[in-house]
Structures are given as structure tokens and as C-alpha cells.
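> Just so you know, the protein sequences line up as chains A and B, in that order.
The opening residue of the first sequence carries number 675 in our numbering; numbering runs sequentially from there.
The opening residue of the second sequence carries number 348 in our numbering; numbering runs sequentially from there.
Hints were generated in silico from the structure; no laboratory data involved.
Any given hint might turn out to be false.
[What the hints assert, rightly or not] Think about it this way: if two alpha-carbon atoms lie no more than 25 Å apart in a straight line, the pair counts; the simulated BS3-like pairs of lysine-lysine are: (1) A:Lys892 with A:Lys814; (2) A:Lys707 with B:Lys434; (3) B:Lys628 with A:Lys707; (4) A:Lys903 with A:Lys892; (5) A:Lys816 with A:Lys707; (6) B:Lys628 with B:Lys535.
[As the list claims (entries may be wrong)] Only some residues are given here: those of chain B computed to face chain A with a beta carbon under 8 Å: (7) Leu427; (8) Val429; (9) Leu430.
The structure displayed is predicted, hence computed values, not measured ones.
Note that the Cβ used here is the ideal one computed from N, Cα and C, for glycine as well.
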Amino acid sequence: MTTRPNSLPAVSAMTSGAPPGDRGKRHRADRGKRHRAVAVLRVVREHFVMIVFSAIFVSPIAYMIIGSLKPSGEVLNGLRGFEPTHLSFQNYTGVVSRFNSDATGHFGQFYLTSAIVSFVVVVGGLIVNSLAGYALARLKWKGRNAALLVVIMLVIVPFEAIAVPLYYLMNTYRNTYYVQFLPFVASAFSIYLFYSFFAGMPRQLEEAARIDGATPLKTFLLIIVPMSKPIFATVTILTFLSSWGSFLWPVMTVDDPSVRPLPLEISVFQGQPPLDWGQIFAFGVMLVAPILVVFLLFQRWFVQSVASSGLKG
Amino acid sequence: MPAGIGLLLFVAVPFVTAIWLSTQNVSLNSGRAPAWFGLEQYRRILLDPDFRGVFYRGLLNNFVFAVIVVPVQTGAAVGLAVLLNRKLKGMAIYRTFFFMPIVFPMALVAVMWKLIYSRDDLGMLNSVIHAVTFGHVGPVDWLGDSHFALASIILLSIWQGVGFQTIIVLAGLQGISPALYEAAAIDKANRWNQFRHVTLPGLRNTLIFVVMVTTIFSFRLFDQVYILTPTGGPGNSTTTLMFQAVNSAFNANNVGRGAAITVVLFIIVLAITVLQRRILKEEREIS
């Protein structure tokens, strides 16, 4: 992988910095050299440890990407599965043309479903949850404390605990986009994140706006939102991560191929013989590509989002 | 407030429905109306010899998963976060690599690892083990052998999940004041003592949070099991509460039993949360 060049200078520095058997040199210089050699050795060792761990995390991903570009017969081939030989995009075109009827669904439809559902969950969620968080943090209304308590209590209810009754209640909406996004737009966890952020903001600007006669909604849109980019980014990233990968709920509510999201479809695809692993991996790469690209471009934001999700206690 | 209504509609109402459903005999699309069933669903899953075996096996698997994943994943996260918190050229690249699995949806991770776990001696994991042990350990049927199936599920779950915890622990590490380390250095504390007396206490709240989230996650286990062992594993060795809840509601068309299982699931999650609040509270009283 690309970590190699990183460690190369260190290795060459070690070999030139500590040539064996220079006993005749002055004692002090020798000592300095040895110090440097020890330091260099330590750096090499640290890089070695990091490369080993990186390999653990990256190798399954590399295996999938390389496998997606190889002829299917060469994917399940022991360690040679990593050998980049006979590369082509045939598996990719194969996947797209394989899903070509209403019975199998069309590849574009899986993508469209995932995109529509994630888009509505993220954007709709930003709107309703930020407003709710603001109302809880700043507006004065009857029952606000009770509402806050309810939100905090609902944060701990995992979706799994309500999936079965929700499946029962929404049975008539099976196989639609609605059923896939409706339960996830309003989220207690997102409201809580917004609430904590807004509650920690200084009040002066809002009070100035109120004195100028701005309505709460106007204050929110013109003053709060522009100042709250980090929390909007955080909620966007966390919501997108979970909704793009959503699996349990589609398993329960979707069987029509025309509204199947990508994760559900790959689970169906990998269970239908004859298995074509080159194509399955190509499907996987296309499934993760959008989110992986966003991660590589905005890694700092990703890391901050995940970190801030843990800072509540 | 639309969000409030949404929450009420999609969380609170189903929750009440869950409790109601768990006392009914319901099947969907059968034309039969739900009938009062009392606590029969609970009696069946908890006491009836015909049903309780699988249920307790699922519960046990969830517990085993938690007992292994919580310490291993938390320990690994602390170790990796300490590694990533040092100054080293190229650390940004290493971070990217370490965190990459977290953006992979669990369904995809399961599919990737299905081939890695192939029982074929050309399967990736079997080949790696063959190479490392110079051929002394033969090919293993990772998912088809009841001794290894749950372990296989655990391994890929840690691979995917540890990055999350590492990020959270890393943030915790960076929140520890450098002055504490300087003071420890003045006292000539060695690295291990610094770790024990400065790092670990500084991470306490972070670790409690991480442990709680991972424990709850262990009881929500579903995606990997459903994809890798669609029947619940050899001898039910990988079945879980959630797997059974979906199976009952879906394949057995017994929504009442599914609801009863998720009510049990919720009680467990609630107990873990209450326990965590307790621990945090006690700690505040001590300090």
C-alpha cells in the first residue's frame, strides 16, 4: 500500500547512520551516532507497528477492490486474490447489465432508492430536528421540561426495540419509499445533539435580534443556523452513515426489487447461486463508493462528528 | 412541532404497541383479528420447552458476544488511540486507514467477510492462517462449524466497529491536560505508570460511555447474523434476540412473539442504561 514510501527514508537513514564496526572513531561522536541510530530504529519500529495495523484494516477493503477488477474465477484464490492481474471493469458492466428486468430490478433503481431515502432522512431530519432542538433549548413554552425529558428518554430506545410493532403498524405501506424514510426523519438522538449545541451558545445575538423585532423563526434562520455549521455537519454525517447502510428495516418492509436499497440488494445478490464474486465485489465497491469518497474528502469532519457523538455522558 | 409529532408517532406509539402486541396472537395478512393472548407469548419464550431453547440460546449468544466484544473492542480502541495519538510522520495516512472500515455499512462488511471466511482452503482467512502456521492448521469451515461461527461474527464486528470507539477514545485522550503528564514525568513515573495513573483515570467517563454503547450494540446484533448465517448458524450457534424477533414476525408470521422478544430486548437495554447512570452518579459522589 501507499504507506511504504513513508518508511523508506527512515530505513535508508538507519543503514547509513549506523555502519557497523567504526570502533576507531572518537568516543563522543560514536555515542551521538548510536543515539541517532537508536532513535531511527524506534521510528522504524513505530512505522512497522502502524503498517501492520493498517494492513489489518485495509486488506479486506483492498481484497474487495482488487477482486472487483479481476475475472471472477481468480477472486477466491488464497493470497493470490491480492494479485492485480487481468484487471478490467467487466464485473462493473456485468453487474449493471445483469439487473435488466423488472424481476431482478434495475441497478439504477437500487441506487435511486438509497439516494432518495438517505436524502429525505438527512435533509428532512436536519429541518425538523434542528427546529425541535432550538425550541427545547431557547423558546419558552409550557411542558418544555417534560418534552426534554421525553426526548432524553427516547434516545436510549434502540430502533430494534420498536421495529416489530412498527412493521405491524406500517404493513399497508410496504414496498414504498415512504416506509423506508418516515420512521427515521425525526430522531431523538439528533434533537439531543442540536439541543446540547444550541443550549451552549451565547444568547446576546438572539436577544439583539428579538429587540429588533425578529420572530423566533427568523432569528433561527438568520442568526442561529449560520453560526451552527459544525452541528449541522455532524448530524448530516451521522445520519447519512446510518441511513445509507440501513438494513434491518428494509429487510422487514421491502421485497419489491424496484424500491430495494443497495444494502438489501447486495444481501439478496450474494445469496443467489451461481455466485459471481467478481460481480458481488463490484456491487460492493459501487455501494460504498459515494460514502468512501465523502470520507476521504472530509475526513476531519467525519472524525469530529463521531467524536462529538461520544462527548455526551 | 413536526419532530415531536414524528417522534411520538414513530417511537412512542410503536413502543406502546409493542407491549400491546406482545399480549396478542397476531398474524399479518391472514384476515384474523388480533386475539387476546395474555402473557402466553412470554410463557412460551421463557418457559415452554418447545420454544425456550432457541430463545435462551439467542440470549446466551448476545451475552457471549457482549462479554467478548466489550473488553476486546474497548481495549483495542484504547491501544489504537494511544498509537494514533503520538507524533509520527504519516500519522494522517495511518488514521485514514484505521478509520476506513467505519464508513462501510455492516451489510457490505458481512458480504466481504463471507468470502474471506470461505471454508475452501483457498479462502482468504484460511490461506493467511496456512501461511502463518506453515500449513500446520488446516482449512476451517468458519461459518459452518458451530465452534467458530459466533467467533467469526465477533471478529468482523470488531473489525468494523473498533474505529468508532478509537475516535471517541482519541478525543478523550486529547482532552487530558498535558500538565498532568508533565507532573508525572517530574515524579519520574515510567510509561506504564503514566498510563495507569494519568491516562486511564482521564478516560474514565469516555470508557464508561464506550462500554455502554458497545454493550447495547451487542444486544442489537442482527445484520451480520442474517447475512452470514441465514438459518441462525449451525445448531443455532449464532442466533440472537433480534434475529429471532424478525424471524418470528416474518417467517413464522407471529408478530406477537416478535414483539414479546423485543420487549425483553428493551428491558435489557434499559437495565444497562440505568446501571451506567448509577456508576456515573456514584463516581460524582466520590469525587
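> Against this structure, judge whether each hint is valid.
Outcome of the hint check:
1. Using a Cα cut-off of 25 Å, the hinted pair Lys892 (chain A) and Lys814 (chain A) holds, with the two alpha carbons roughly 16 Å apart.
2. Between Lys707 (chain A) and Lys434 (chain B) the CA atoms are separated by roughly 22 Å; this keeps the pair inside 25 Å, and the hint holds.
3. With a C-alpha separation of about 55 Å, the suggested pair Lys628 (chain B) and Lys707 (chain A) falls outside the 25 Å cut-off, and the hint is violated.
4. Using a Cα cut-off of 25 Å, the hinted pair Lys903 (chain A) and Lys892 (chain A) holds, with the two alpha carbons roughly 17 Å apart.
5. The straight-line distance between the Cα atoms of Lys816 (chain A) and Lys707 (chain A) is roughly 74 Å, outside the 25 Å bound, and the hint therefore fails.
6. Of the supplied pair hints, the one linking Lys628 (chain B) and Lys535 (chain B) is violated, its CA atoms being roughly 33 Å apart against a limit of 25 Å.
7. Taking 8 Å as the C-beta contact cut-off toward chain A, the hint placing Leu427 (chain B) at the interface holds, the least distance being around 7 Å.
8. The criterion of a C-beta within 8 Å of any C-beta in chain A is not met by Val429 (chain B), whose closest approach is roughly 11 Å, and the hint is violated.
9. Taking 8 Å as the C-beta contact cut-off toward chain A, the hint placing Leu430 (chain B) at the interface holds, the least distance being around 7 Å.
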